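Protein sequence lines correspond, in order, to chains A and B. For what it's worth, our numbering labels the leading residue of the first sequence as 1, then goes sequentially. For what it's worth, our numbering labels the leading residue of the second sequence as 1, then goes sequentially.
Treat each hint with caution, since some may be false.
What the hints assert, rightly or not - Not the full set, but computed from the structure, chain B residues with beta-carbon under 8 Å of chain A:
hint, residue
1, Tyr123
2, Val127
3, Ile185
4, Leu262
5, Trp294
6, Ser296
7, Leu299
8, Leu308
Stated by the list, open to error - DMTMM-like cross-link-like pairs, simulated, lysine to aspartate or glutamate; straight-line CA separation at most 20 Å:
hint, chain 1, residue 1, chain 2, residue 2
9, A, Lys41, A, Glu169
10, B, Lys199, B, Asp216
11, B, Lys199, A, Glu182
12, A, Lys41, A, Glu269
13, A, Lys41, A, Asp99
14, A, Lys41, B, Glu205
Honestly, the hints are just simulated from the structure, not real lab data. Remember, predicted model here, so these are calculated numbers, not experimental data. C-beta atoms are modelled at their ideal positions from N, C-alpha and C, and glycine is treated no differently.
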Amino acid sequence: MTMIFGVPLAVFMGQLMLGLINGAFYALLSLGLAVIFGLLKIINFAHGAQYMLGAFAAMLALEYLGINYWAALLLVPLVVGALGVVIERLVLRRIAHLDHLYGLLLTYGLALIFEGTLINIFGVSGSSYPTPEALQGGLNLGFMFLPTYRAWVLVAALVVCGGTWFIIERTRLGAYLRAGTENPALMQAFGVNVPQLITLTYGFGVALAAFAGVLAAPLYPVSPTMGSSLLIVVFAVVVIGGMGSILGAIITGLAMGLIEGLTKVYYPEAANTVIFLVMILVLLLRPSGLFGKEA
Amino acid sequence: MATTQHLTPAMQRQRSARLRRNMLYLVLLALALLAPLAIYPVFLMKVLCFALFACAFNLLLGYAGLLSFGHAAFLATGGYFTGIMLSSYPGLTPEAGILIGTLAAVVLGTFFGVLSIRRQGIYFAMVTLALAQMVYFFFIQAPFTGGEDGLHGVPRGELFGMISLSDNLPMYYFVLTIFVIGFAIIQRTVHSPFGQVLKAIRENEPRAVSLGYNVDAYKLVAFVISAGLAGLAGSTKTVVFQLASLTDAHWHMSGEVILMTLLGGVGTLFGPVVGAGLVVSLQTQLAQSPLGNWVSVILGAIFVICVLSFRSGIVGEIGKLVRKNFK
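Looking at chain A on its own, in the form it has when it is part of the complex (with noise of 0.2 Å):
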């Protein structure tokens, strides 16, 4: 058997489509963080909750109205997204004019919100969501096993991503969303309408954050807390990439899993920590971040 480090090929292999896979999810979430810090200069804290919400909104979805996982992946991120701009016109915009750092608090209480009301309709244990029937069993590569499952969440994860980045650098709605990054008020005076653009992106990175959690529905268990968790690693994965460019995001969320995975082989007792490890590191050599432009 073939052997990397002392670590069989396929574990080896194994582990690494593992991170991969969590990579993407990284690299979902910290792009639609990145989306919506670009146009509101807030960090949603209530990011995770709502990749929870798409998780959890899927499972329902499903039990009660008999909506499959296709009809979800694309129903799930709308009616979500759709709770994002509610939120956006109903609060966010309230304290808009207001220190960045009230945005984040306030999100921090919407997540709050969310995961206690799930927590004491569901419980914390988690319920499974079953993988659909066409993307069950898997593909033998020779030197490892493949889910088909796994595989599908890479591509979509990817597809989605590099259709975000189209969007966002190669269309003109991205180009006034880019444009409203740099100034607002300044597109506003050409006759852009910018508080209805605020709240489609804030929509748009809510949905994102929705979609990953219905990819992830049948991949980990579905809990009110399987959000909260993960939101700080991706925060860690947003500090590490800096939110200066979209393609930033996508590639430092991949490697992130990719080095998480890879410690899992070589030493998994450090797997929890190591991506806050690297955080430091890059704290210390280039600390506005892999991809940031300002300090």
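Following the hints, complete the assembly by docking chain B onto the known chain A.
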């Protein structure tokens, strides 16, 4: 009488304000000394520990404008180190245990501070949160913290080897003394030239830099003082409850201390004390009621309300009223 005539009106106002402030301190101290006659001392001690924790946090947010989302790490580090020392060395007196816990928090605070002040604003909050999460994982995995169970049965011991703290009343006065010392340190820090520079940094950092202040050094010192006092609060709490647990290290705790400060009034000396009192009372009351499971939802709702329409907090709003009506 002759000396007062030479004072300008501004100086007179300042002097009378200081007099009023000292009177207020005396009245509050008297109330605190008599409080155990009316209220259960263990509850009072819990409030005092969290009040000190919130005051320490407020030094950073209210006066230096730095929002730390990782202060639970210092509370827990203080608590765990004190707990470990007092459990493993029976000869150690509680004040020595508390001192060691506080020192541990100071060391950790220096490390956190050096890293986190490299970023500002929102990034600062995220960095502190991530670092604190690392500390949380460390405490889960470390062989000497009791993992998920925490450390139980930490002995309260005898103060200076003489006064037994096993009764709640002497324990209360010991905790009150610690709180008063901690509060005095914060009060002196805020009203010193150092505190003035901190406020200048909070208001306009580039200007403070251009005036020649070493902004990073000021921020770091403020961070370390804040971390040390948070550790002091955690250490004291461990001695009171004879317990150090993971709850103190969890990021919910970092959120709670923000809420206490926000609710009471960011950047006011007494705000965090009032906020801590309210949040602890609320938690204690709710825990006994049918709403017990809804604590975090209610705290979240208070968060939202505070940010939306009550940003000065209770003490801040009272201060505004007083200034408006008694000028």
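Each hint tested on the structure:
1. Tyr123: Constraint on Tyr123/B satisfied, holds at 6 Å.
2. Val127: Where the cut-off is 8 Å and the nearest Cβ of chain A is about 6 Å from Val127/B, the hint holds.
3. Ile185: Constraint on Ile185/B not satisfied, violated at 25 Å.
4. Leu262: holds (7 Å)
5. Trp294: holds (6 Å)
6. Ser296: This interface hint holds because 4 Å falls under the 8 Å limit.
7. Leu299: holds (6 Å)
8. Leu308: holds (6 Å)
9. Lys41/A to Glu169/A: Roughly 19 Å separates the two Cα atoms, so the pair holds.
10. Lys199/B to Asp216/B: The given pair, whose Cα atoms are some 14 Å apart, holds under the 20 Å limit.
11. Lys199/B to Glu182/A: violated (29 Å)
12. Lys41/A to Glu269/A: Between Lys41/A and Glu269/A the Cα gap is close to 36 Å, so the pair fails against 20 Å, i.e. violated.
13. Lys41/A to Asp99/A: Between Lys41/A and Asp99/A the Cα gap is close to 10 Å, so the pair holds against 20 Å.
14. Lys41/A to Glu205/B: Distance ~19 Å between Lys41/A and Glu205/B Cα, so the pair holds.
In summary, the numbered hints that this structure violates are 3, 11 and 12.
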